[in-house]
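Novice: Got chain A sorted already, so can you dock chain B onto it with the hints?
Note that the protein sequences, when read in sequence, are chains A and B. At position 162 of the first sequence (counting the first as 1) the number is 292 in our numbering, and the numbers step up by one without a gap. At position 55 of the second sequence (counting the first as 1) the number is 454 in our numbering, and the numbers step up by one without a gap.
Simulated from the structure, these hints should not be mistaken for lab results. Each residue gets a CB set at the ideal place from its N, CA and C atoms; glycine is no exception.
Taking CB as the label site, the calculated pair distances span: (1) B:R487 <-> A:V245: 50 to 56 Å; (2) B:G462 <-> A:R413: 21 to 27 Å; (3) B:R487 <-> A:A229: 56 to 62 Å; (4) B:T444 <-> A:R306: 32 to 38 Å; (5) B:T444 <-> A:S153: 23 to 29 Å; (6) B:M423 <-> A:V148: 16 to 22 Å; (7) A:C220 <-> B:L411: 55 to 61 Å; (8) A:T223 <-> B:W405: 57 to 63 Å; (9) B:W405 <-> A:P242: 34 to 40 Å; (10) B:R487 <-> A:F142: 31 to 37 Å; (11) B:R487 <-> A:I308: 39 to 45 Å.
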Amino acid sequence: MNKVENNRAWFFVLPVLVLVAFSAVIPLMTVVNYSIQDILDPHTRFFVGDEWFREMLRDSQLQSALGRQLIFSFSVLAIQIPLGIAIALCMPTRGIWVAITLVLVALPLLVPWNVVGTIWQLFARGDIGLLGVTLNSLGIEYNYTRGSTAAWFTVLAMDVWHWTSLVVLLCYSGLRAIPDAYYQAARIDGASRIAVFRYIQLPRLAGVLTIAVLLRFMDSFMIYAEPFVLTGGGPGSSTTFLSQHLATMAIAQFDVSRAAAFSLIYFLIILAISWVFYTIITRATKD
Amino acid sequence: MDWMVWTLPSALFFATIALMLVGMTIWEVVQPSTFRRGLLPLKTTRGDRLFIALLSSAWFHLGWLGLTDQPVWYMTIFCVIWLAAVLRWG
Numbered sequence: 131m132n133k134v135e136n137n138r139a140w141f142f143v144l145p146v147l148v149l150v151a152f153s154a155v156i157p158l159m160t161v162v163n164y165s166i167q168d169i170l171d172p173h174t175r176f177f178v179g180d181e182w183f184r185e186m187l188r189d190s191q192l193q194s195a196l197g198r199q200l201i202f203s204f205s206v207l208a209i210q211i212p213l214g215i216a217i218a219l220c221m222p223t224r225g226i227w228v229a230i231t232l233v234l235v236a237l238p239l240l241v242p243w244n245v246v247g248t249i250w251q252l253f254a255r256g257d258i259g260l261l262g263v264t265l266n267s268l269g270i271e272y273n274y275t276r277g278s279t280a281a282w283f284t285v286l287a288m289d290v291w292h293w294t295s296l297v298v299l300l301c302y303s304g305l306r307a308i309p310d311a312y313y314q315a316a317r318i319d320g321a322s323r324i325a326v327f328r329y330i331q332l333p334r335l336a337g338v339l340t341i342a343v344l345l346r347f348m349d350s351f352m353i354y355a356e357p358f359v360l361t362g363g364g365p366g367s368s369t370t371f372l373s374q375h376l377a378t379m380a381i382a383q384f385d386v387s388r389a390a391a392f393s394l395i396y397f398l399i400i401l402a403i404s405w406v407f408y409t410i411i412t413r414a415t416k417d
Numbered sequence: 400m401d402w403m404v405w406t407l408p409s410a411l412f413f414a415t416i417a418l419m420l421v422g423m424t425i426w427e428v429v430q431p432s433t434f435r436r437g438l439l440p441l442k443t444t445r446g447d448r449l450f451i452a453l454l455s456s457a458w459f460h461l462g463w464l465g466l467t468d469q470p471v472w473y474m475t476i477f478c479v480i481w482l483a484a485v486l487r488w489g
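Here chain A stands alone, though its shape is the one from the complex:
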């Protein structure tokens, strides 16, 4: 029997296509245009070709911002993914506590980025903040406005506090989708708790973990408002991540051409890493 293919449903994608064109494609084209010109003001511009790219690629500030960004994003993943899975495994599966824990876990996600920055700015202060005062009274020298290690860990802790919930919720929904029959079969076989996790829960979580890793990677890779409010990129430039470096260049210094070249490099990094993640994980789930 011949299967009749009907692709008319694709027409429903058209509105999104228009939306994406206006919100992403046209701005991206404009950025490409900026990046190969020297724009002095809206009426004066010169074609410079690849000059900005050469300059940006050899810029040591950009390279160190990229290094910090990569370390930060991978630390975020290394902490949030295992922690998220662990918390999701500990959450109750039935009864009134389900709703209570879900609401509690989801709360940090409702707080806007810059407010999270402000909360942590106060929380971590050495003179009045709970965290800062506690650490200092324990004899640990902690001042996130002066010590770059302290600033670094504060930004990391803040991101963990804000976003682990997302991983927890995704994993929790993944765990709830596992049919009971799997657990019954495991009980009959006398499987240990670790074996159940290793051979039932973790493989069944692969799909949601793909999404979690991708979302957390991309979000942490473009982190801006929280460190901007908390540390302003300092002390020195120890917590200046890519987006903040970019924003300073584009908005504060109004150097749109250099910033355009920089943001295209940034875009290509994200595109490549996301593609690698996606390919690895979709292949892993297929096998």
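Specialist: Just chain B now, with coordinates in the frame of chain A:
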């Protein structure tokens, strides 16, 4: 269109990409692509190979610009050949 500050090279660049996408769409309708395993270490469709070739070309250009002082179009010529090769044997 003036606010988008077009230049001839960038216009040509995007026109080429757009033509490629249109061409690939027509090719796909005429002769649907299947997954196949070539020189690349994964199963790909024609569209996957185009994406891989374009993304790697962009990176080759960045590498060229970052590491050498040679004119960029040497790399562009190489990437055209690379693109054809990936589409054919990838």
